[in-house]
Amino acid sequence: MDNPVPLSRASYPRIAPLYRFQWEAAQNAFVLLFPEGMVQLNVAAGEILRRCDGKLSAGEIIADLRVAFQSDAIDADVEAFLRSATDDGWVEWRDGVTP
Amino acid sequence: MNALPNTAGVPLWMVAELTYRCPLHCPFCSNPVDFAKVQSELSTEEWFRVLAEARALGAVQLGLTGGEPLSRPDLERLVAEAHRLGFYTNLITSGVGLNETRMRALKEAGLDHVQLSFQDSTRELNDFLSSTRTFELKRRVATLIKAHGFPMVMNCVIHRLNIDHVDRIIDLALEIGAEYLELANTQFYGWADLNRAQLLPTREQLERSEAVVAGYRQRIGNRLRILYVISDLYETRPKRCMNGWGSTFMVVAPDGLVMPCHAARMLPGINLPSVRDASLAQIWLDSPAFNRFRGDHWMPEPCRSCPEKTKDLGGCRCQAYLLTGDVGATDPVCDKSPLHSKVLEIINGPRPLRPAIERPLVFRTPENSSRLLADATQPCD
Ligand code: SF4
Ligand code: SF4
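Just so you know, the sequences run in chain order A and B.
At position 82 of the first sequence (counting the first as 1) the number is 82 in the numbering used here, and the numbers step up by one without a gap.
At position 322 of the second sequence (counting the first as 1) the number is 322 in the numbering used here, and the numbers step up by one without a gap.
Hints were generated in silico from the structure; no laboratory data involved.
Some clues are possibly wrong.
[To be verified] In silico negatives: residues of chain A with every beta carbon more than 10 angstroms from chain B:
hint, residue
1, 42
2, 50
3, 51
4, 70
5, 72
6, 76
7, 79
[Claimed, not checked] Which residues of chain A face chain B? A few of them, derived with a C-beta cut under 7 angstroms, are:
hint, residue
8, 20
9, 26
10, 74
We put the CB at the ideal spot given by N, CA and C, even for glycine.
Turn these sequences into a full structure, and let the hints steer you where they fit.
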């Protein structure tokens, strides 16, 4: 998208029902499972998605990740990831609010 | 990159062929033609052990198939156990036997996804090919699957008799609300190999169908993802088969034999290990069958010194065997193969003008299977 809509920090992302998110010891990574496929997630993506449980707002997730990664410079990366995860259909937003 | 690792990776995918029983009789079925001799299916408890061992090896995707997996009354229990172990569970079904009660029980057991097969977009051809009246039933089952909120893949095996209906098959997938459509050109082993003359599409048919699929993709975008798998007989390079022998997939047959691919049962000289004699870990890591074509140590020339060998891994072992008689040969689809002419003979050879009328199809039935078995064991040579 050329002109991304600003992400609403007040809405609640969660893993879309078509997908399943889980820890895989054999891969030593979080993975996303879907019909006949799997994505192995890197550490950052795994840490973001594990917080997408529908109970935390995007703003709360970002605040939490700042602490986890001990950095204040992550906001744009997290927002960009959430936006592309939404485009890919991995993530849904509660109350139909999308970024 | 020159040498491939010959060590085992993680078997991410396990296909569980729960039974060879099936109420349908598709003439392109990939089950072995001598399935009638397989009598003793794994029990529920044996499957529980296999599932646990597969998870411990790192398997994540589980395909529950057959035959028709709904023929097993313990399907719901197997799904529940697989779900508990952390598998993503895919039910691969013809739809026959899937009623409201079983659908609900499967949902409660934690089933993740359903792949429903059609044989065609028309009732006439669907029912002819499966030699059952199942078209209307399949449509009802599709509604049931969506009503229970499952993601749904519609699958249709493509061949000469239905390839000109690809547009209507896509329309049907859109109509029933499938998320994915898998159009898989017939692989010519198992029953399909017996019916190759009637089922192999012409080059013109293939090209037309590819154009149709491309047009739909443009128009409908992400609403329906279409996976179009084309037979490689018309190509000059083979496909990388099963992502490499013993690299990602394992198939457990109804009687517990473990195979690197669906068709491996017919390959001569390969002693398939059984879960009744060994653990899956021993089978995956150490069995001669899984190591036989792992990596590139087994390759003959021209593959051995070929710069493309990491791409296609020498092609399909089953195709090599069926067309050259040698399991360890370069896949003859490759135009570097000294036996490439075998493929040219097939694609340029005489073809019935009216397939299935001039030469009847051999349907997959227990009777035909027993007859073929008897023929094969006649002491004629
Ligand atoms: S291909 Fe047809 S006959 Fe073979 S298992 Fe599937 S539905 Fe049954
Ligand atoms: S020679 Fe063998 S490795 Fe090379 S392209 Fe052909 S099949 Fe593949």
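Status of the hints after comparison with the structure:
Remark: the non-interface label on residue 42/A is consistent with the geometry, its nearest Cβ contact in chain B lying 17 angstroms away (cut-off 10 angstroms). With a cut of 10 angstroms on Cβ distances, residue 50/A stays outside the contact zone with chain B, its closest approach being about 15 angstroms. Against chain B, the non-interface label of residue 51/A holds: every CB pair exceeds 10 angstroms, the least being about 20 angstroms. In this structure residue 70/A is separated from chain B by more than 10 angstroms, as the shortest Cβ-Cβ distance comes to about 31 angstroms.
With a closest Cβ-Cβ approach of about 36 angstroms to chain B, residue 72/A is found to remain outside the 10 angstroms limit, as its non-interface label requires. The claim that residue 76/A lies off the interface holds: its Cβ sits roughly 26 angstroms from the closest Cβ of chain B, which is beyond the 10 angstroms cut-off. Residue placement check: residue 79/A keeps its beta carbon more than 10 angstroms from all beta carbons of chain B (closest about 22 angstroms). With a cut of 7 angstroms, the hint placing residue 20/A at the interface with chain B holds, because the nearest CB-to-CB distance is about 6 angstroms.
Because the beta carbon of residue 26/A sits about 3 angstroms from the nearest beta carbon in chain B, less than 7 angstroms, this interface hint is met. Interface restraint check for residue 74/A: the shortest CB-CB distance to chain B comes to about 29 angstroms, outside 7 angstroms, so the restraint is violated.
Hint 10 from the earlier list is the only one contradicted by this structure; the remaining hints agree with it.
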